[in-house]
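Taken in order, these protein sequences are the chains called A and B. Going left to right, the first sequence walks through residues 1 to 933 as the UniProt record's numbering numbers them. Going left to right, the second sequence walks through residues 1 to 431 as the UniProt record's numbering numbers them.
What the hints contain is simulated information worked out from the structure, not anything from laboratory work. Some hints here could point you the wrong way.
[To be verified] Pairs of lysine-lysine residues, derived as BS3-like cross-links and limited to a Cα-Cα distance of at most 30 angstroms, are as follows:
| no. | chain 1 | residue 1 | chain 2 | residue 2 |
| --- | --- | --- | --- | --- |
| 1 | A | K603 | A | K685 |
| 2 | A | K685 | B | K301 |
| 3 | A | K595 | B | K59 |
| 4 | B | K310 | A | K685 |
It should be emphasised that the depicted structure is a prediction, and the values quoted were computed from it without experimental measurement.
Below, each chain spelled out in residue letters.
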Amino acid sequence: MTKKSKRQGDFQKNKLKVGQTKPKADNATNVNFRSKTIHLPEQLKHGSSGPTTHRNLNIKDLLSQLHHFNSNVKQGALVGLRELLSAHPTLVEQYASAVLSEVAALFTDKDGSVRAAAVRLLRFIAQCISAERIAPFFPLLSAHLTCAMTHISEPIQEDALRVLDVLLEHYPGLLSQRHTVLLANFLELISQRRKAGTGVDKSGKGGYSLTISTNRSVTAQQWRLTVLLRLGNFLQAVVEERPLEEDVISRIGLGMWAGEKGSVTPVDVSWEEHVFGKGRIQVFENSGAVPTPRSTYRLRPDSKPGAGMNKELCSAETVQGFAGTLVPLLLEIWVEAAAGDRVQMDSGHLLSAESMALMFQILTILQLLRRLTPQRDQQDILDAWFRNSYLTDFKQHFMKNFPYGLLEVARHKKKADGKRIRLQVASETVAGGNVEPMAVNVSLCQVMVTLSLRGQDHVALEDADWLGPIRVFIRETLSSGGKLSSRHLAALLEVVWRMIVTQRSRVVTDDLLQAVFVQYQQRNLSVSVRTLLLRFFSQLYIQEHQNHPHIARSRILARWLASLPVQLVQLGSRNPQLSAQLLETVQPAAARGNKDLLQSLQKNACGLYDSQDGCVVVLPVESQKRLVQILHFLPAFPAELLACLSQVCNTGRVSASLATTLIRTIHLRSPLSGWSSSSQDVPVKDVDYLSFFFTTLTGFSSEMLQALQDTDEDGLLPSSTLSPLSVFATTLEQFLHHWDVVEVVCHCLDTLGSRAQCFDVIQSAISKNLCGLAVVPDCVCAAILRCVPRLLDVNFLPSDKLLHFLSDCCLSMLNLLLQLEQSARKRDAVWEACFAALSAVPRLLRLVLQSFRVRDLCEEELPLLAQILSLLLQHTQLRNHMIANANQLQLIIQDLTHFYGGETREQWLTDLLYCYSVTMSGQRANMAMRDMY
Amino acid sequence: MSAPAEIVLSADSAGQLFNCAVFDPNSGAEFLTYRGGNTSSRSLTVLNGEYILGAQLCKNFINVWDIQRKDQLQQKIVCPGIVTCLCASPNGLYVLAGIAEAIYLWEVSTGNLLAILSRHYQDLSCIHFTDDSSHFVSGGKDNLALIWNLSSVVQLDSSRTPEPRHILSRHSLPITDIHCGLMGPQARVATASLDQTVKVWEISSGEMLLSVLFDVGIMSVTFDPCEYFLFCGGSDGNISQVSLCSTSLSRDKTFQSDSDGNQVFKGHGNLVTCLSVSMDGTLLLSGSNDETVRMWDIQSKQCIWSINHKGPVTNATIIPAPANMFLSDSRPSVPLPRFSRHLNPSEQADGTGTGGMCLRLGANTQEPEGTYLEKADELYSLMCAVTDKSMFGDGENTKVRVSELEEEMRTLKKINKDLYEFSSQLLTKPN
């Protein structure tokens, strides 16, 4: 039974009843979940054959898809390539050849969207690859570009210009090498070759005529504008990629007034660096056996042809050949555009924005054509050729309505016309923004002025009809008081320069320079404009002054030069750069002995060299140096100027080295120095010279010394028996500065002709100005002590008054020496001065010893006296002089031991006695030796 | 006494004892003195080894001595103004003088004034030729140094003003001295200036190679012949030596202190106005405003000897000894003509009737010579004629011809001998 019941338990059957829910089966599936897709792009990208795009295509697939017949697939492949390459920049290098060749082939694809995508891809690649790396593929690229530019389908031509834009932006150098092909292509874009058979080919008009196609999306004029814009950019690239000769660079555009630059960088060392082995010089490396490439001697042809640049386009003939076809086309384009404008209004002076842009491009291209030849002589040939061939055309078409203006009214009218507006927007985007009428007028001036010939009178008369309006325009523009941007101004100044140099007439020169001067005198010019004008004048003066007497005689230039020192004074410290610029002109002009400038300098000298707020103290170091150098050229040094300069030397606002330069300059300018041989003019009077040097030597004016007598500041050390003068301690900085100055002053005075007279003057000056002072600054004491023994002649006896003052100084200084702990340099300087004075003037030592009156000293001062004495005794070179005063010395020491009432022998006394005994014993030994023989 | 290879020539501005004197570079012994007047600075020059030219201080003439007749002035060349510097070309054909702000160029053979170059704005301070006389460099108080090409200056017709080849304009104060290195147009030039710098330039390109900034104004400068060192005399009396080629030797010398005393010649007390190095680069001569001339040993930087003058030294230079300086009986091979004071040579020729002829190289003045091709043809035909004769003429004919020619030669020799004897008699006769 039990078996049965178990078996039943295994297979129980649930009974299902109607009305009850069916229990769930054990193995029922739970469907309570949602499914989502999972992207694993990383996994897909790293397939077996390199990285892939999100569509799981690797680079080989994409490249092969570029050959697909369906344009959508091609476009997709191009987009994919861009995605792939931007994600994996390493692939760009790896597949450069394949990608470039495939993409280039698509420049001529018949579908617009494919071409657009190709251009976008090219732009991306160009950003990644440098010019050197793309160079091997460039023939291929340019071949496809040429193909696209000459394609029969016009949309492809238009897109080819986009490709050109990309290449111009990134590889101007490579593209400019292809100029032979490309220039022809440009011509083809806007014109077609005249058939030889059509006969009536006006001579000189070239073999091309303009084309007009009606089925373009833009008008013929706009199309030409876009092409000309590219042509201009291309020529710009050609010109810029070429190594120009120096003098040509200096004549072009903004660079005209840039500073000079050489190809050899000179070695620049200062003597200190060289001495201490820092600045090693290797001149032979700088320019060795091979002469520098800039040498004007061509000993042998250059072994390296200059980077394989376009040799063909350098000569005037080739440029003439190209210009011969291009210029007639440009003229024709302009005539058509002008005619179109003329329909709308009567006057030819006003142009629509579109014609304005066209004009600007034409003029830009004309300017660039001229600059294609790098050599100067070639340029002259080209100028002459242009003049012969096209002067009449230019006069007729460009100069007839010369100052052009923008047609404002016409634009308002156009706004009503929706279609027109759209077109205009298109043209503006194409032409790259609006062109100001000023830019057009200025560049027209530039073009026309190059046609004027250098200085032949009859030609000048001939040209008067068209140079006249230009002159009027320039004068009015410059003197109208309006603000000009620096670019326009630079161009205008270039025109002015050229006109001045070519016309050689004083009237024209003064007329134009007056206009520039008016512009210069405006108040609130921006710094760049101001510097531009400044450079213009200064270069005009420096470069052309000698060759052209009419420039040299110009009153305006003279007035400008004379105004420079006033401007410097007025500027003060407000604009150091501008001041530096001014000084750069003032210095050469002063060196050349320009009378106007020198007079003005002389008049303003006291302002420039004022010690409080003159330029020489407020400007930066470089300008200070220039100002000091300019001093050398001043015609005369009146007493008040020398007073200013002396203060400048001593106030410490110029460095010590500059102060020494200043002092040496004045020394050299004085006839006393014996350097300048011509003795007619005396820039520095002897009296002034000596008083300048004495003032500089003391470093304090008499007023300051007087003021010191009455003050009681903390720097004052009171006078005592040991220090008869009350010493005013100057700061360390001031002391050292003055010390350096004194060194130079001593040296200069030392080299004067008659020493006795010089010393006499100094002695009387000291006794007049300094003796009798109760308070003396320490630097003055040191300076006097240093100066006197150096100037003293053996045969000359100094006066008692001077000696007494000197001994007072010496005592005070020795006393000061013991109290100085702060600076070793000051101690050394003071000791050097005292020692020099004592050893050079034996009477001084005796006086000093005599003034040690031990009786009058108080207890505390005895050790000080002992220290001073032992200092003097220790010095070997003073020893002989001390021995000469042995009696005096003995008295002092006896007194000292007598008056010192202390029980124990102090250290200082022991030291002193020891020193004394050593000195005396040495002397006795000597005596003994002498006795023996 | 054997004549020395080099001599020292010096002058001072006082001129009490002599105008200029010649010394032995090794001992400082005085050989010769030239009397009369005194010489301004940088204006003593030896012309062609035969004359000494010195510009008189503050006067407008140039003193000229025969180099062996020391006591007498040979002549005075009167100039249009005070001469500030003077230089004779090393080949002895031209003389340059700086007078106020203009450079005057004379041709020695005729005395004609060939050019007046006024490109400087202020007085000239010094002028110097390159060693091959092809270029010269002038420096002035207007901070400019100009490099001129002699041939371009001489050849140009008067309608065009000659232009300097290069303008060196980087100094900011007057130029005090110029020294030209060797190697002609490829040489380097050193300029010293009061702006405390010495600058080295290349003549060929006009580029600056080196600028050394000192702490005093520099009054004189010179190279040694190898251009290893640059010597700069300062206005404080020190002479600084700048080494132009830093060798790798400096690594071996590290323990030797490269201190100040190592590179400075100290001894003068005032402006060093002139410097000169001997041919072998071992001796340095310096003259100073402290009225001494000193000779230094370059290697050890010690003063070997010094001579006291009576005034500031204006010129001191070491030059190769001219051949007939010590032969008292020799004469200059070419007499010095009168130097003309005006640019136009025709006026001068009319007045004096020197009969000298001016030869200038130039395309328009040259004789139209036959081309080389024509000359070669001529020569060829001549040779052909000779060979034709010897080849095809009969033997006897040539013998006769030879004997004729020998006869002619004998007579010619006799004539020559007679001529020689006659002239030697004439010359040896006491005059």
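Hint by hint, here is what the structure shows:
The straight-line distance between the Cα atoms of K603 of chain A and K685 of chain A is roughly 18 angstroms, inside the 30 angstroms bound, and the hint therefore holds. At roughly 39 angstroms between alpha-carbon atoms, K685 of chain A and K301 of chain B are farther apart than 30 angstroms, so this suggested pair is violated. Simply put, K595 of chain A and K59 of chain B have alpha-carbon atoms about 26 angstroms apart, close enough for the 30 angstroms limit, and the pair holds. As the CA atoms of K310 of chain B and K685 of chain A are separated by approximately 26 angstroms, the hinted pair is consistent with the 30 angstroms bound.
Checked against the numbered hints given earlier, the structure breaks only hint 2 and satisfies all the rest.
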